[in-house]
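There are 6 protein chains.
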Amino acid sequence: MFFHVQKLINEIVPDEPDPAAANALQEGLGGQFGEMRTMMQYLFQSFNFRGKAKPYLDVIQGVGIEEISHVELIATTINRLVDGSPRYQGKEMGEGRNSTPLKVALDRNGQGHGNIHHFLVAAQGAMPVDAAGNPWSGSYVYNSGNLSLDLLYNLMLESTGRLQKCRLYEMTANKTARSTISYLIVRDHAHENVFAKALESLGVNWNKLLPIPNFDATQFPEVKQLMDKGLHNQQYHWRLDGSEMAKIITGQSPSTTSEHNGGTLQVPKQAPEGVPFTPGDVRPEEFAPGLSHDIEAMAEQVMQAAKHVR
Amino acid sequence: MFFHVQKLINEIVPDEPDPAAANALQEGLGGQFGEMRTMMQYLFQSFNFRGKAKPYLDVIQGVGIEEISHVELIATTINRLVDGSPRYQGKEMGEGRNSTPLKVALDRNGQGHGNIHHFLVAAQGAMPVDAAGNPWSGSYVYNSGNLSLDLLYNLMLESTGRLQKCRLYEMTANKTARSTISYLIVRDHAHENVFAKALESLGVNWNKLLPIPNFDATQFPEVKQLMDKGLHNQQYHWRLDGSEMAKIITGQSPSTTSEHNGGTLQVPKQAPEGVPFTPGDVRPEEFAPGLSHDIEAMAEQVMQAAKHVR
Amino acid sequence: MFFHVQKLINEIVPDEPDPAAANALQEGLGGQFGEMRTMMQYLFQSFNFRGKAKPYLDVIQGVGIEEISHVELIATTINRLVDGSPRYQGKEMGEGRNSTPLKVALDRNGQGHGNIHHFLVAAQGAMPVDAAGNPWSGSYVYNSGNLSLDLLYNLMLESTGRLQKCRLYEMTANKTARSTISYLIVRDHAHENVFAKALESLGVNWNKLLPIPNFDATQFPEVKQLMDKGLHNQQYHWRLDGSEMAKIITGQSPSTTSEHNGGTLQVPKQAPEGVPFTPGDVRPEEFAPGLSHDIEAMAEQVMQAAKHVR
Amino acid sequence: MFFHVQKLINEIVPDEPDPAAANALQEGLGGQFGEMRTMMQYLFQSFNFRGKAKPYLDVIQGVGIEEISHVELIATTINRLVDGSPRYQGKEMGEGRNSTPLKVALDRNGQGHGNIHHFLVAAQGAMPVDAAGNPWSGSYVYNSGNLSLDLLYNLMLESTGRLQKCRLYEMTANKTARSTISYLIVRDHAHENVFAKALESLGVNWNKLLPIPNFDATQFPEVKQLMDKGLHNQQYHWRLDGSEMAKIITGQSPSTTSEHNGGTLQVPKQAPEGVPFTPGDVRPEEFAPGLSHDIEAMAEQVMQAAKHVR
Amino acid sequence: MFFHVQKLINEIVPDEPDPAAANALQEGLGGQFGEMRTMMQYLFQSFNFRGKAKPYLDVIQGVGIEEISHVELIATTINRLVDGSPRYQGKEMGEGRNSTPLKVALDRNGQGHGNIHHFLVAAQGAMPVDAAGNPWSGSYVYNSGNLSLDLLYNLMLESTGRLQKCRLYEMTANKTARSTISYLIVRDHAHENVFAKALESLGVNWNKLLPIPNFDATQFPEVKQLMDKGLHNQQYHWRLDGSEMAKIITGQSPSTTSEHNGGTLQVPKQAPEGVPFTPGDVRPEEFAPGLSHDIEAMAEQVMQAAKHVR
Amino acid sequence: MFFHVQKLINEIVPDEPDPAAANALQEGLGGQFGEMRTMMQYLFQSFNFRGKAKPYLDVIQGVGIEEISHVELIATTINRLVDGSPRYQGKEMGEGRNSTPLKVALDRNGQGHGNIHHFLVAAQGAMPVDAAGNPWSGSYVYNSGNLSLDLLYNLMLESTGRLQKCRLYEMTANKTARSTISYLIVRDHAHENVFAKALESLGVNWNKLLPIPNFDATQFPEVKQLMDKGLHNQQYHWRLDGSEMAKIITGQSPSTTSEHNGGTLQVPKQAPEGVPFTPGDVRPEEFAPGLSHDIEAMAEQVMQAAKHVR
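Keeping their order, the protein sequence lines are chains A, B, C, D, E and F.
The opening residue of the first sequence carries number 1 in full-length UniProt numbering; numbering runs sequentially from there.
The opening residue of the second sequence carries number 1 in full-length UniProt numbering; numbering runs sequentially from there.
The opening residue of the third sequence carries number 1 in full-length UniProt numbering; numbering runs sequentially from there.
The opening residue of the fourth sequence carries number 1 in full-length UniProt numbering; numbering runs sequentially from there.
The opening residue of the fifth sequence carries number 1 in full-length UniProt numbering; numbering runs sequentially from there.
The opening residue of the sixth sequence carries number 1 in full-length UniProt numbering; numbering runs sequentially from there.
It should be emphasised that the hints constitute simulated quantities derived from the structure, not laboratory data.
Think of the CB as a built atom: it goes at the ideal place given N, C-alpha and C, for glycine as much as any other residue.
A couple of the hints might just be wrong.
Label pairs and their calculated CB-CB ranges [claimed, not checked]:
| # | chain 1 | residue 1 | chain 2 | residue 2 | range |
| --- | --- | --- | --- | --- | --- |
| 1 | A | Q252 | F | E273 | 26 to 32 Å |
| 2 | C | T278 | D | E273 | 30 to 36 Å |
| 3 | B | D216 | D | K224 | 45 to 51 Å |
| 4 | B | D241 | A | K224 | 30 to 36 Å |
| 5 | F | K7 | D | E11 | 57 to 63 Å |
| 6 | E | V275 | C | S258 | 57 to 63 Å |
| 7 | F | D228 | D | P284 | 34 to 40 Å |
| 8 | F | D228 | C | N207 | 33 to 39 Å |
| 9 | B | Q252 | A | G230 | 36 to 42 Å |
| 10 | E | N207 | B | Q225 | 51 to 57 Å |
| 11 | D | Q270 | C | E11 | 30 to 36 Å |
Pairs of lysine to aspartate or glutamate residues, derived as EDC-like cross-links and limited to a Cα-Cα distance of at most 16 Å, are as follows [stated by the list, open to error]:
| # | chain 1 | residue 1 | chain 2 | residue 2 |
| --- | --- | --- | --- | --- |
| 12 | B | K269 | B | D228 |
| 13 | B | K54 | A | E244 |
| 14 | E | K52 | F | E296 |
| 15 | B | K54 | A | E11 |
| 16 | D | K52 | C | E296 |
| 17 | C | K208 | E | E300 |
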């Protein structure tokens, strides 16, 4: 059973809208190696888990629960970045017959590469697709049932995620984008550590290879800030009823190739506090949410009435 | 941010394995109108929510959180139903050269229609596909940004879910399958009520049409038991930090076409207690989890060592 | 602009329900070389037609219009063939708790190979998918803009259609299925003739190869009946405003490899008369159409009232 | 059985070529909520219709027939808009070795966002894909067999179509694009009215919600012209053999939220007159239609010969 | 540049036709972890290879070339196994009107689970699809450009291939199927060794985990025969111009978990000799190859004439 | 069995990087009518070949083997063309916090239309997708089993390939792109000749239509150079054990519509010599190949050690 707190797992730094960066981030949300995939893969692996090695179940499922919050974080980030209407950015919009408040969806000159569906289908919100517009597919989910193989795949999956996010970092200087990208680079690093540690307990020694890509991400300043706090060596369990994850996730980090990568793995006792979530602003040119004044009034009335009753 | 308790939202009644029923239930998991879709659709609608009508956000997101637990429930049910090896069902298995412990995957005579991937790819576990084997697709998710349209689609989606589950009920008498099917029929009914009530607050009057399909599901005895408890008129919010859902979900049920459908909508104060989750048994013929004795011993040692440290 | 008469282009002979044959026929409806594809391919080729060779436009579009009626015919045929409920076939159905009127959807023993979606999703109706369950795809449509290539592809497409329908004929002796299969074998032959004739006017001589497959289909008795009437040498234009098709479709048939294949191509002056269309019976176990008695009465009242007004 | 008149259902106003607008319009043709989908969905619902409520069959099928003409209209509009060659637009094209008459397909600077397939695959014609390049899929078609659900889905489908077309209107000021967009906004409105009226006869009261999006489209001047003629309150039946559609589509419009939305629904006695269709010009750089002079002469000869014979 | 010898890389043992086994083998051909995927993945990785570590290029490409011959082997095996016509199996086939020589395609009773497309589309030949009928997809190919990650993925890919083939072995006792399955189990083992060895050279120690699944495949007698010859420790380079593969593929096998798995890796100097390839028999009921007697004679004549000229 | 020489089948002329041209060329690699498709289609047709007409087998398979080398050539060409990093093109790259060496992936202004996956997923390498980003699909492969139909489809396929490559030629003046495009235009012409000749032996006379498109490609100067050498009239067999291809591919070319198209078909005795293949340069900003200095040293050591042993 799953529960929710209406908070984000990390802060999203404000910056200018940037639909091209938003589109690039879609790879991290709905791409073959994005957060929807890690979330679904780990949840299916835990629902289908076989045998008594419960700490391994708790490791895979624990990371899986965290990934739902990553989906929430990156979807909200994309949401903040897709914002094409000049009406809301302090610029004039022509009136009358030729007014085209959504012209930005067609005119790529000032914006770089994007996905027209962000404006035409999704009301300037996030979508379950990748950066090239391919919808997320259930065929991405890998769940062989063989514990060693599943852990090996998960390690490769997190490594590819970290690789692509390092590339994303190099594509944009937008602070909104980079705050979420940096956070996910560090968390993917943590998950590499987690799955590598579990594989170590089964007989593999990762002494020279990790993390993958073997790149000292502290060269990215936002990443350094988070690694200085040790975020790449912690894995909270996200369980309200306790977890046996710490039986495996303990001791020396398997990533030892640089000064910043070493350290000791930890399962913190407290969940992170989270950051308040605020819904996006209305977008009249998208007819979102599109309530007429009458209906808004009526809805308000219903809510007021409900208040009195309670 | 999301949290988890390692329990199921409803009990799964034990019965004989039944791969054909398992495959039919895949429609309710990974089908176009199944639980993965409702879960993802409502989560995207809440992450992309616009404007100040927060109770509507809480309604959509609250149902969305519940759907993750439905994915967990139906995946586990499928898991229990796909069990083809005679070795674990008290029957003899031939030894020697021609031993074919997974023959059931090819021989459909005694089993009806199934999906060979359950045995060849998924180690007798659930998969993110529908009953015809199509992988779940991100293109299923509907999120127009227009609140009225999104609620209308959600109502139609829940109605189609209930329709297909009523058909599933009529396809199998297996108790494992029916316990989960019946539970989901009632919860889909509850969600029809929830979205219809929200639409009522925006001006639509559903006086004669609901529930869809307009069928008195108390004719199904397992469903009657649950409706007698009023489960179709309750909607818990699944939030650890409270919810404004009850501002809308209150008063007369919009389903009034039969004696059993009426009543008053409620947002209970307590989450359901849940039912313990036990991982499936090992399946050597699937090499799942496939730990060798040496490695099992070694893993055990690591876990013991970890215990001492702590 | 398109118009309709609520009649079928050919008669569907009654016979027993046969879900396996119905599923096989789906290839002819929604398969890569089925009627939805020919219809869409020829309509796109005619909407995108370039230049002044109007008779070629009229040929391609004329066949395209006919294909819509083929989609109608084969969808209705599938509809007649998928009928799994014993309740409507004069057999007893168990009552009480374990009643499973849709059990046929899971139990393939007596029925051969089928698609569970016919019962679970489509209310025992036709679907836009092929015989292996793949949904029809826009990527099937070929429209290069080069007239020679488009005609060459169309000839190959019709030949593959005829090949697959000859195989379908050999898969089932069901009269309902065979009446439509036979009709389509002959019409695909006619369309081979049409496109080959158009290619002849551009310089290709088909002297030994046609029809493809090079098989004397009069060996199939239902086909012989239709070919004896010359149906493989006629191509009506389906236009209410006349057509220039006959400028090309005239003279010696390009299929000359057997006694039955020769003859002269004709564009008849009159459209075929058509066969009355009757909607299918209600299927309560599918909740189709699923109107409650109250609502049926109310709907009836509305219709009566409307009558009086008029 | 289907028939055709080689005319368009509405006039396409001439303007400059605009490949970016053409690409955006592809959503209205091959998108998940575009005209190919409404056409196929309503045709399948009518071929699979069950029971005796024939006026409902005539309503669904009548709208479905109209949608084929919408596919024809929007495909032709896209065709007019994709026109990248300077050779045909009065501008100079470089000669010699580096001549690149299709350079526009790669150089997006002056053109905004487009689809390279328009130039590389489709000879500057329309394609069965959406604005992000996804091919149309049979999985879009919804046909549950339950009449209430099918009507509810159809209403939601038309509302989403109208929502997306209102957004398209705001993306471009090109007159060719806007003439077709505006016409389809009004027809989608009419279809919302039609399906809502049918649902009213089954017990739903839409008093405050319609049309969706709840936006007074007379703010778009081209739309106002059409609504002033009442086009949003008329639904012709497109049947050569008469129709019972008018039993349901009569009386007060269900859209009452603004002065322009009210009025009385009508089923006109005459089909619209239509607008002549002219095939596009040849495009030598696309090798379309690509007939050599010899072959053109020969084809001409054949046609002349045919004339004499007749 | 690629070259070919018209021989198979391993012998296919004759046995009875078995369409159900053929369909299961499709997973090994066109499945997500089948031979088309390994072939394409390694070829793309070698075409896109970066840097000077040429022995690694030669390793990846060398295995890739071998995989084309595996595609040839498994396609031919499927071809031998799909053979449904009684006409060619010494049984009687009814004559006259109701003759249905392809009835086997619909009647699953005696045959188990299959794919109707084998008979309807592919003329009883192999297809580029998996065992559930999904077409092979380019999205399967993984090529991150990061050498460590690519090798890690390749190891996981071969392990999953070997896992699925072990399951296939347990599904059927058909000798034709088992001869190819057993050969591929051993070659996948060899490829696990190859990629693990390359990873060892980069710092990972596989001491306890390999092979995956960690199962002593000598329990399968056909596999034991091949492993006794050391086939799991050899990797030929398939290059006519020599290869640097042996710089890496040398020394102790990384698989050390059982007596049979150890040994020394070798790059043999000679390619295997191969086994003659014979085309399948004609299938008149599939119209394959479908040459008429006239055309066969004419074709023969052409070939004879050609002989004389030469 | 397949073999390889690490050489390219034709020379790639060096020029500036051009990601937009690279993306356009993807159609020729992974598009519906690209080289992956011809390769797979002809290989499947040869693996599934039926009957004794061995020269036809040798024709189809011989062309199929050549297509693998075309896949290699075009993949390498795309590889050369996708090169976005200023670091490697003699331009400065900003240092410090806002350094964005992969910015080119988002900023389309100076580059025209491209695919972000080239930079984000594929490390600036080729991918198995088309120019609109659709992954290659097994559903493209056509193999009806009917020899006439397969040859007819193959001819149409090569013609469409040549048509699209002629359009590609007109889209870019980049010499790297044009060298490969021109080569493939001529080889597609040769393959048109090959399949048309085979059809001629079965009874079809192509006197006026070929080549398709009927365009004298010597107007493209790079193409003229290759046709002057007669490359469009030669078909090597790529077999190490000889071939019967020449029995059919001999005599007058079926393309006779212009002075350059005529001539005599030949099967050369020697394979082309090929052009050396050099792996691409490292791309640190893509972490490709991403070996750390330590690991590079270690790998080097292993290779040196290996050398000594040998």
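Which numbered hints are broken by the structure, listed smallest first? Going through the list in order, the structure violates hints 1, 6, 7, 9, 12, 13 and 15 and respects the others.
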